[in-house]
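K.L.:
Please work from the sequences and hints to get the whole structure.
Okay, here's what each chain looks like letter by letter:
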Amino acid sequence: MPVGLLGRKIGMTQIHDDEGRLLPVTVIEAGPCVVLALRTRDREGYDAVQIGFDDKPRKRAIRSERGHVAAIQSKRQRQRQAAGVEAPPRADCEPKRFIREFRTDGEDHGLEIGQTLGPALFDGVTFVDVIGTNKGRGFAGVMKRHNFSGQGASHGVKRVHRHPGSIGMSADPSRVFKGTRMAGHYGNARNTMRHLRVVRIEQDSNLLLVKGAVPGPVGGYVMIRHTTKRRRKAGEGTTS
Amino acid sequence: MHALLKKVEESSYRAEPLEFEIGDEVDVHTRILEGNKERIQIFNGVVIARSGSGTREMFTVRRIVGGEGVERMFPVHSPKVAKLEVKRHGRVRRAKLFYLRGRKGKATRLRERRPKARS
Chain R
1 MPVGLLGRKI GMTQIHDDEG RLLPVTVIEA GPCVVLALRT RDREGYDAVQ IGFDDKPRKR
61 AIRSERGHVA AIQSKRQRQR QAAGVEAPPR ADCEPKRFIR EFRTDGEDHG LEIGQTLGPA
121 LFDGVTFVDV IGTNKGRGFA GVMKRHNFSG QGASHGVKRV HRHPGSIGMS ADPSRVFKGT
181 RMAGHYGNAR NTMRHLRVVR IEQDSNLLLV KGAVPGPVGG YVMIRHTTKR RRKAGEGTTS
Chain B
241 MHALLKKVEE SSYRAEPLEF EIGDEVDVHT RILEGNKERI QIFNGVVIAR SGSGTREMFT
301 VRRIVGGEGV ERMFPVHSPK VAKLEVKRHG RVRRAKLFYL RGRKGKATRL RERRPKARS
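Chains R and B, in that order, are what the protein sequence lines are.
Start counting the first sequence at 1; every next residue gets the next number (my numbering).
Start counting the second sequence at 241; every next residue gets the next number (my numbering).
Note that these hints are calculated values from the structure, not bench results.
Among the hints, a few may not be true.
[Said to hold, decoys possible] To spell it out: a stretch of chain R is covered by chain B in this simulated footprint if at least three of its residues, at any positions, have a beta carbon under 8 angstroms from a beta carbon of chain B; those stretches are:
id : region
1  : 5-14
2  : 22-32
3  : 203-209
[To be verified] Stretches of chain B that chain R covers, calculated by requiring three or more beta carbons in the stretch to come under 8 angstroms of a beta carbon on chain R:
id : region
4  : 258-270
5  : 310-321
[What the hints assert, rightly or not] Cβ pair distances, simulated, as ranges:
id : chain 1 : residue 1 : chain 2 : residue 2 : range
6  : B       : Ile304    : R       : Gly165    : 37 to 43 angstroms
7  : R       : Lys229    : B       : Glu352    : 55 to 61 angstroms
8  : B       : Glu259    : R       : Asn191    : 52 to 58 angstroms
9  : R       : Pro173    : B       : Ala243    : 44 to 50 angstroms
Even for Gly, the Cβ is constructed at its ideal location relative to N, Cα and C.
P.N.:
See below:
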């Protein structure tokens, strides 16, 4: 898996493509992203690249957040240095609000700590996946949460217009099956939109435009990666 | 609206804005694809409304075809609208001329307005 990007959802709008069609697009501010750390199979047991996005003011960041992005002097630091322990390399940038890791195949991804990434990473890429946290709906009923139809507005229906109705059988099995869909907490969960077309990349303003909707509110953080969906080759089995 | 979002939208605006006003009789030149060939089709009528904002801004043109009213909406910023020619300025007092829908024949005429020459 190649490395992806982190970004912020700016909002949706419509733009015209080359053929004059109106396209619904989501604007994502995807960068600048800084490589903060490299995970290696030898040390951590897996290969990955850690990336940070969006500066956090130093006075708002806790000490460990500041120490993660730049070397800071401390007693323990000096002790370790005296003991001959090599300090891990730091990116030497501002503390970041949004930090995620991207798994890689091996260590030859060609990235270094401190390197800055932008939407140019997706130059020539047609499709991406966008991962975000969808809007929280709190405790939601079955109509909103599971697209149940509810019950009639009239014909004798009383006070149960948005209720689920029956949730099972009678004396046999005399219990409710596990996994029966009911009301409960909905939203505020990780959500992936796969296979979104990259419409435009604007490097100078770090913008990435994808066709269609992206999970989460405007201003929410998202992860963008190369799509994991494989195109069905011509002649391969079709859904029937 | 976010400044970046606005910037993206503005990139989709047409380079030269269409100049027309409500009540104008216009010829709208639209590019249509016929097979593989592109040609220009002209829709003539009176602009009765303009709505929306940004890239979604639309205008409505009304004309009478064979005694039947026909209205067509065009996106202001669509590249498919190749050209817009103002044939005649109508003197109107409101932004939406929906009252024309209830009128027939001579009553649909608008008094002509001679606009002041633009400097």
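K.L.:
For a quick check of understanding: which of the numbered hints are violated here, in increasing order?
P.N.:
4, 6, 8 and 9
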